[in-house]
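What follows is each chain in one-letter form.
There are 2 protein chains.
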Amino acid sequence: MKRMTIRIDFGDDRQLGPGKARILELVDTHGSITAAAKMMDMSYRRGWLLIDELNHMFEAPLVETRMGGRGGANARLSVLGRAIVQLYRSIEKESYAASATRIDELHRLLRPVDAARKAAPKKPGSLGRKGK
Amino acid sequence: MKRMTIRIDFGDDRQLGPGKARILELVDTHGSITAAAKMMDMSYRRGWLLIDELNHMFEAPLVETRMGGRGGANARLSVLGRAIVQLYRSIEKESYAASATRIDELHRLLRPVDAARKAAPKKPGSLGRKGK
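If you're matching them up, the sequences are chains F and S in order.
So that you can map any letter, position 123 of the first sequence is 123 in the working numbering, and since no number is skipped, the others follow by simple counting.
So that you can map any letter, position 20 of the second sequence is 20 in the working numbering, and since no number is skipped, the others follow by simple counting.
Looking at chain F on its own, in the form it has when it is part of the complex (with noise of 0.2 Å):
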């Protein structure tokens, strides 16, 4: 397993990264903020924060919301919502297909993973035989 993480970082204590991707991803998916929060392990208030602190982090808001649907107001994308999270998701591909290549170098440089459970063991009893 090979996974590469991006976070951009404008300055002025703004930054984009995967939760924040991951949040707008799941208010799209669910049109709630409550279950996007709760989807990430997130009280709802830091949910809520999050997107707040998007929502003026762009020229206009990412996340729309009406107050008055059961279960707390509703919420969607709005379009340069869905624009900013593809354009992070093209960028997350696009740096991984650069560098594909020393990823991997990296990855052929790591102990295997039964050798270094041998040296640093964290769950004894757990080094049973598994071959290879």
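Simulated from the structure, these hints should not be mistaken for laboratory data.
None of the values given here were measured: they were computed from a predicted structure.
Virtual Cβ for every residue (Gly too), placed ideally from N, Cα, C.
Be careful, since some hints might not be right.
Taking lysine-lysine and the PhoX-like style, the derived pairs with C-alpha atoms no more than 25 Å apart in a straight line are [said to hold, decoys possible]:
| # | chain 1 | residue 1 | chain 2 | residue 2 |
| --- | --- | --- | --- | --- |
| 1 | F | Lys20 | F | Lys38 |
| 2 | F | Lys93 | S | Lys93 |
| 3 | S | Lys20 | F | Lys20 |
| 4 | F | Lys20 | S | Lys2 |
| 5 | F | Lys2 | S | Lys38 |
| 6 | S | Lys20 | S | Lys38 |
| 7 | F | Lys20 | S | Lys93 |
| 8 | F | Lys93 | S | Lys38 |
| 9 | S | Lys93 | S | Lys2 |
| 10 | F | Lys20 | F | Lys93 |
| 11 | S | Lys20 | F | Lys2 |
| 12 | F | Lys2 | S | Lys93 |
| 13 | F | Lys2 | F | Lys20 |
| 14 | S | Lys20 | S | Lys93 |
| 15 | S | Lys20 | S | Lys2 |
| 16 | F | Lys93 | F | Lys2 |
Per the computed footprint, the stretches of chain S lying under chain F, defined by three or more beta-carbons under 8 Å from a beta-carbon of chain F, are [to be verified]:
| # | segment |
| --- | --- |
| 17 | 25-38 |
| 18 | 43-50 |
Use these hints to put chain S onto chain F, whose structure you have.
Just chain S, lined up with the frame of chain F:
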């Protein structure tokens, strides 16, 4: 200001990100885990744990220590350690180059900082006129 930070996740709790890359570079520059940890505002213990994790993550240690020096162990990067740092920094550069156009696009969609401050003032009294 635009900066991109990369984290690579290899599975099995093995990650390489900006903190690990930086502590390796600081050990390389200063020859001391104590100094490296201090420059990262970390306790010696946390710095040491980070390096211990790195030393068990790859096929050979990235940091070599020599006990008995004044002020604790003297430390330096192994050949592998230097190679890992270089790979990581190359991945960062190539990723940025591959996605610079889209990062610029994101940057253009940001709310201008003055407007962002007006919308969500954090430092009362700092909203002087700056033109524009």
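Now the hints, each set against the structure:
Distance restraint check for Lys20 of chain F and Lys38 of chain F: the Cα-Cα separation of roughly 14 Å lies within the 25 Å cut-off, and the hinted pair is therefore satisfied. Only pairs whose Cα atoms come within 25 Å are accepted, and Lys93 of chain F paired with Lys93 of chain S is accepted, the gap being roughly 15 Å. Pair hint Lys20 of chain S plus Lys20 of chain F holds up; C-alpha atoms about 23 Å apart against a cutoff of 25 Å. The hinted pair formed by Lys20 of chain F and Lys2 of chain S meets the criterion: a straight-line CA distance of about 17 Å does not exceed 25 Å.
A hinted pair counts as satisfied when its Cα atoms are at most 25 Å apart, and Lys2 of chain F with Lys38 of chain S does not qualify at roughly 31 Å. Among the hinted pairs, Lys20 of chain S with Lys38 of chain S is consistent with the structure: their alpha-carbon atoms are about 14 Å apart, no more than 25 Å. In summary, the hint linking Lys20 of chain F to Lys93 of chain S is supported, as the alpha carbons are separated by about 23 Å, within the 25 Å threshold. Straight-line distance between C-alpha atoms of Lys93 of chain F and Lys38 of chain S comes to about 36 Å, which puts the hinted pair past the 25 Å bound.
Distance hint between Lys93 of chain S and Lys2 of chain S is fulfilled; the C-alpha atoms sit about 13 Å from each other, no more than 25 Å. Only pairs whose Cα atoms come within 25 Å are accepted, and Lys20 of chain F paired with Lys93 of chain F is accepted, the gap being roughly 17 Å. For a cut-off of 25 Å, the pair hint linking Lys20 of chain S to Lys2 of chain F stands: about 17 Å separates their Cα positions. For the proposed pair Lys2 of chain F and Lys93 of chain S, the alpha carbon gap of about 19 Å is at most 25 Å, so the pair holds.
Straight-line distance between C-alpha atoms of Lys2 of chain F and Lys20 of chain F comes to about 21 Å, which keeps the hinted pair within the 25 Å bound. Our distance criterion of 25 Å between C-alpha atoms is met by Lys20 of chain S and Lys93 of chain S, whose separation comes to about 17 Å. A hinted pair counts as satisfied when its Cα atoms are at most 25 Å apart, and Lys20 of chain S with Lys2 of chain S qualifies at roughly 21 Å. Between Lys93 of chain F and Lys2 of chain F the alpha-carbon distance is near 13 Å, which keeps this suggested pair within the 25 Å criterion.
A count of 0 residues in the segment 25-38 of chain S with a Cβ less than 8 Å from any Cβ of chain F is obtained; the coverage claim is therefore unmet, three being the minimum. Counting residues of the segment 43-50 of chain S whose CB lies closer than 8 Å to any CB of chain F gives 0, which falls below the minimum of 3, so the coverage claim is violated.
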